[in-house]
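K.L.:
So you can see what is in the structure, the chains are spelled out below.
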Amino acid sequence: MADPKNPIAFVADGTIPPSPPPANQTGPVKWAKDNLFSTPLNSLLTLAALFCIYAILSGSLPWILNGLWTTSSLAECREILQGTTGACFSVLTERWHQLIYGFQYPADAYWRPNIAFLLLLIAIAPVLFFDLPRKLLIFTAIYPFLAYWLIWGGTIMVPIIAFLGCAGGGFVFQKFGKSNFAAGFFGGIIAAFAVWIIGGALVPETANDNAMLTAVPSRDLGGFMLNMMLGVTCVSLSLPLGIALALGRQSNMPLIKWICVIFIEFVRGVPLITLLFVASVMLSFFFPPESTVDLFLRVVIMITMFSAAYIAEVIRGGLAALPKGQYEAADSLGLDYPQAMRLIILPQALKISIPGIVNVAVGLFKDTTLVSVISMFDLVGMIRGPILASTDWNGVYWELLGFAALLFFVVCYGISQYSQWLERRLATDHR
Amino acid sequence: MTTLADPPKEQFKLSMLINDTRYRSLTFQALAAIALALMFWYLGNNLIQNLRAAGLNISFDFLGEAAGYDINQTLIEYDSQSSHLRAAIVGALNTLLVAFLACITATVFGVVAGVLRLSNNWLVSKLMAFYVEIFRNVPVLIWIIIIFTIMTAVLPGPRAFRGDDAEASMLFNAVAFTNRGVYIPLPWFSRGIFDSAALNWLLVLIVLGGSWFASRKIGQWASKVQEKEGVRPKTLWFTLGVWIAPFAVLMLIMGLSWQMPELKGFNFQGGIKLGGPLIALWFALSIYTGAFIAENVRAGIQAVSKGQTEAASALGLRPRRVMNLVVLPQALRVIIPPLISQYLNITKNSSLAIAVGYADITATLGGITLNQTGRAIECVMLLMLFYLTVSLLISMGMNIYNASVKLKER
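Going line by line, the protein sequences match chains F and B. With numbering that gives the first Met the number 0, letter number 82 in the first sequence gets 81, and the count goes up by one each step, no holes. With numbering that gives the first Met the number 0, letter number 168 in the second sequence gets 167, and the count goes up by one each step, no holes.
By construction, these hints were calculated from the structure, which means they are not laboratory data. Careful: at least some of the hints might be erroneous.
What the hints assert, rightly or not - With a straight-line Cα cutoff of 30 Å, these simulated DSS-like cross-link-like pairs (lysine-lysine) come out:
#	chain 1	residue 1	chain 2	residue 2
1	F	Lys-29	B	Lys-305
2	F	Lys-256	F	Lys-177
3	B	Lys-233	B	Lys-223
4	F	Lys-350	F	Lys-256
5	F	Lys-134	F	Lys-350
6	F	Lys-174	F	Lys-134
7	F	Lys-177	F	Lys-350
8	F	Lys-177	B	Lys-12
9	B	Lys-125	F	Lys-29
10	B	Lys-12	F	Lys-323
11	F	Lys-350	F	Lys-323
12	B	Lys-405	F	Lys-350
13	F	Lys-256	B	Lys-227
14	B	Lys-223	B	Lys-405
15	F	Lys-323	F	Lys-256
16	F	Lys-32	B	Lys-125
17	F	Lys-177	F	Lys-323
18	B	Lys-405	B	Lys-216
19	B	Lys-405	F	Lys-256
20	F	Lys-32	B	Lys-305
21	B	Lys-233	F	Lys-350
22	F	Lys-323	B	Lys-216
23	B	Lys-305	B	Lys-125
24	F	Lys-174	B	Lys-12
25	F	Lys-177	F	Lys-134
26	B	Lys-216	B	Lys-227
27	B	Lys-216	B	Lys-233
Said to hold, decoys possible - Ranges of calculated distance between the beta carbons of each label pair, as one might list FRET restraints:
#	chain 1	residue 1	chain 2	residue 2	range
28	B	Leu-327	F	Ile-79	49 to 59 Å
29	B	Gln-329	F	Thr-83	49 to 59 Å
30	F	Thr-83	B	Ser-189	52 to 62 Å
31	B	Gln-258	F	Ala-106	56 to 66 Å
32	F	Thr-84	B	Asn-398	50 to 60 Å
Being a predicted model, the structure only gives us computed values, none of them experimental. Glycine is no exception: its CB is placed at the ideal position from the N, C-alpha and C atoms.
Please construct the entire structure, taking both the sequences and the accompanying hints into account.
P.N.:
Given below as structure tokens:
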């Protein structure tokens with residue numbers, strides 16, 4: 000309080016309440032100043048970026064918003080649009096089935112791939128999200144055979160025998176593999192082949208004629224379905240093969256090591272297209288003369304080999320990144336090689352390799368479009384071939400290619416987001 | 000007193016082949032060798048039987064026969080009467096050309112995008128993240144087709160350049176963008192010292208190499224003076240002179256002139272034609288791989304620990320020198336290996352040329368030659384051999400470079 004005798008002196012007895020910061024130090028203004036206009040160069044970059052965004056949006060938005068969805072040909076689109084900008088998305092609705100299933104898959108059987116796709120989501124869930132009950136893995140084990148039967152149709156005996164062979168092999172491995180890995184491993188393979196050969200002899204030649212689901216030959220598959228099938232099959236087949244190759248390359252047995260090194264370096268040194276050429280024109284020379292192995296299977300073999308070589312290199316990186324102490328610890332516990340690998344080394348190495356494996360998987364999925372080069376009608380093959388060549392839709396490039404790009408983007412971006420989630424989930428180093 | 004008996008004489012049992020670590024690896028290798036031999040025997044046997052059934056044999060004679068097809072973009076002389084081998088070489092050179100061009104531009108795109116992605120400008124870094132994600136997650140084949148389609152659908156045809164008030168006009172009267180390709184002026188020498196153009200260009204290269212050597216010598220001399228006297232002499236004018244003067248004199252002597260592309264008949268004549276397929280492939284490969292390189296560059300810069308930047312700043316270095324002297328040398332060590340495997344990817348992805356009709360080796364040897372002669376095995380083998388050689392050469396170069404920049408540790 001001011002002293003009445005000495006009115007000039009003033010002692011504050013409390014703190015002055017803080018004033019709000021100046022208007023240009025808070026809120027969006029401050030944010031813009033820090034993040035967009037901090038230096039003259041930055042301001043210039045911001046303006047350039049704004050111009051880019053404006054150019055992209057002003058070019059594409061009217062085109063997209065003005066799009067037509069229900070006409071039956073490009074000529075009709077142009078008639079309705081009367082020269083104004085606008086997309087002709089009708090090609091997507093009109094040719095939807097062709098884009099997804101190819102142009103030869105029987106229309107009354109579209110429900111089969113649809114169900115196979117839905118079941119794929121269920122089968123893949125316990126693999127991707129390991130918090131789900133482990134019992135679901137049984138369905139995952141059955142799924143490949145079920146999906147084969149749904150998509151290709153034909154007699155149900157074939158997938159059943161294939162499944163029984165695998166189950167028999169697995170059973171023998173479980174039985175003997177605990178005590179002696181090698182005996183279980185080779186015994187399992189022999190058991191599986193025994194079941195397949197005996198079972199194959201039991202299926203009559205004419206079993207396909209009155210099967211529950213009509214048989215669809217592989218050459219009738221197409222569209223995005225073909226990309227999905229190739230991607231899923233090849234990734235899941237190449238993962239175990241890649242692990243085996245990586246372990247072989249790290250092995251101290253010179254012969255096995257060199258087989259793996261030569262295989263990996265050879266496959267990684269050539270482009271996938273040449274391997275697809277091998278599949279389409281050359282591989283049939285290496286099969287027995289009277290056999291006819293269909294193109295789908297040949298392509299699956301080559302793409303699997305291709306991605307297995309890349310996955311092997313990724314896993315080799317993971318194995319090399321493990322501290323030596325882990326190997327020594329496994330040895331000191333008295334574990335033999337298969338046990339040490341299965342229980343100690345591989346789980347950690349695979350965890351380190353997740354980003355790399357996902358990169359390979361995404362790359363592989365994108366590379367499935369290359370089968371259009373050897374005249375298989377996948378999504379890109381459909382667009383470039385039958386759809387753009389038809390008189391109705393000759394000239395709708397943007398809509399079709401944009402749709403293909405969007406479809407691949409959604410799937411690939413989804414996979415990479417999943418892998419980032421998985422990395423966070425598996426992070427156990429408490430950083 | 001106990002007596003020490005000799006250990007029981009070891010008997011060899013069959014189970015020891017698997018259970019005894021001394022023999023186990025030999026057993027497995029023997030099994031692998033047998034399996035491998037069986038596989039090769041089986042495949043080879045099938046191959047022989049199939050070839051016999053088809054009445055074929057493995058022979059490379061077809062390489063000498065006349066190819067009988069035209070190639071629209073060639074670096075060396077070629078016509079339809081040239082041999083299949085020459086067509087394959089034309090294709091191989093075209094592959095190397097587009098791979099080389101795409102490597103350069105992809106690096107530029109990638110470095111710019113990678114650095115901008117780390118910019119503290121929010122808008123720019125988000126825009127670059129958008130670019131990277133969009134291009135990484137869509138197949139390169141789709142990008143190639145999209146860009147090729149844009150080129151052919153959007154750019155005007157050569158006809159549009161005709162007439163007094165043409166719909167389209169050439170850039171600076173020298174460059175024409177048409178839907179058949181881009182035409183740029185061709186430099187040539189009116190008073191060349193040699194008769195052959197290639198030798199003249201070789202002379203230009205030699206002169207430029209000499210300038211480079213001389214400018215390096217100047218730099219070394221400047222460093223020496225700086226060590227002795229503490230002040231670096233100004234070398235800018237010397238260096239510029241060494242670069243420009245001999246080059247300019249050579250150009251004057253040889254009479255450099257430009258052959259402009261001109262519209263004659265239905266198409267442009269003269270100049271250098273960069274065909275639409277080449278440009279589409281080049282641009283698509285560089286913008287696609289640029290997105291991957293951007294990620295490598297970003298990871299490399301982020302791998303340099305922040306303490307290094309801070310320590311350099313504490314020494315009083317300016318931001319530019321911090322970047323040049325401290326951060327970049329360390330980041331490059333992380334960036335270079337993935338960068339070179341991206342170069343490998345570009346080379347391999349250039350085989351997608353077949354989708355747009357650019358005559359690379361996959362299109363000539365693996366496409367038309369294969370279809371004409373039906374020599375599938377020979378053609379695919381040669382094709383693989385070519386790519387394998389290129390890949391091994393690139394990765395050999397990478398290993399040598401890697402060894403030279405590796406941290407020298409004890």
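K.L.:
Now tell me, hint by hint, if it's right for this structure.
P.N.:
A quick look at each hint next to the structure:
1. F/Lys-29 / B/Lys-305: 26 Å, holds
2. F/Lys-256 / F/Lys-177: Measuring from Cα to Cα gives roughly 26 Å; hence the hint holds.
3. B/Lys-233 / B/Lys-223: 13 Å, holds
4. F/Lys-350 / F/Lys-256: 24 Å, holds
5. F/Lys-134 / F/Lys-350: 23 Å, holds
6. F/Lys-174 / F/Lys-134: 20 Å, holds
7. F/Lys-177 / F/Lys-350: 25 Å, holds
8. F/Lys-177 / B/Lys-12: 22 Å, holds
9. B/Lys-125 / F/Lys-29: The hint holds at about 19 Å.
10. B/Lys-12 / F/Lys-323: 35 Å, violated
11. F/Lys-350 / F/Lys-323: Holds: F/Lys-350 and F/Lys-323 sit about 16 Å apart, inside 30 Å.
12. B/Lys-405 / F/Lys-350: It holds: about 27 Å lies between the C-alpha atoms, which stays within 30 Å.
13. F/Lys-256 / B/Lys-227: Distance ~57 Å between F/Lys-256 and B/Lys-227 Cα, so the pair is violated.
14. B/Lys-223 / B/Lys-405: Measuring from Cα to Cα gives roughly 27 Å; hence the hint holds.
15. F/Lys-323 / F/Lys-256: 20 Å, holds
16. F/Lys-32 / B/Lys-125: 17 Å, holds
17. F/Lys-177 / F/Lys-323: 26 Å, holds
18. B/Lys-405 / B/Lys-216: 27 Å, holds
19. B/Lys-405 / F/Lys-256: Distance of about 26 Å is within 30 Å: holds.
20. F/Lys-32 / B/Lys-305: Status holds; Cα separation ~24 Å.
21. B/Lys-233 / F/Lys-350: 56 Å, violated
22. F/Lys-323 / B/Lys-216: The given pair, whose Cα atoms are some 49 Å apart, is violated under the 30 Å limit.
23. B/Lys-305 / B/Lys-125: 22 Å, holds
24. F/Lys-174 / B/Lys-12: Measuring from Cα to Cα gives roughly 24 Å; hence the hint holds.
25. F/Lys-177 / F/Lys-134: 22 Å, holds
26. B/Lys-216 / B/Lys-227: 17 Å, holds
27. B/Lys-216 / B/Lys-233: Roughly 14 Å between the alpha carbons, so the hint for B/Lys-216 and B/Lys-233 holds.
28. B/Leu-327 / F/Ile-79: 49 to 59 Å: 57 Å, holds
29. B/Gln-329 / F/Thr-83: 49 to 59 Å: 56 Å, holds
30. F/Thr-83 / B/Ser-189: 52 to 62 Å: At roughly 53 Å between Cβ atoms, B/Ser-189 and F/Thr-83 fall inside 52 to 62 Å, so the hint holds.
31. B/Gln-258 / F/Ala-106: 56 to 66 Å: 59 Å Cβ-Cβ, so the 56 to 66 Å window holds.
32. F/Thr-84 / B/Asn-398: 50 to 60 Å: 53 Å, holds
Comparing the model with each earlier hint shows violations of hints 10, 13, 21 and 22; every other hint is respected.
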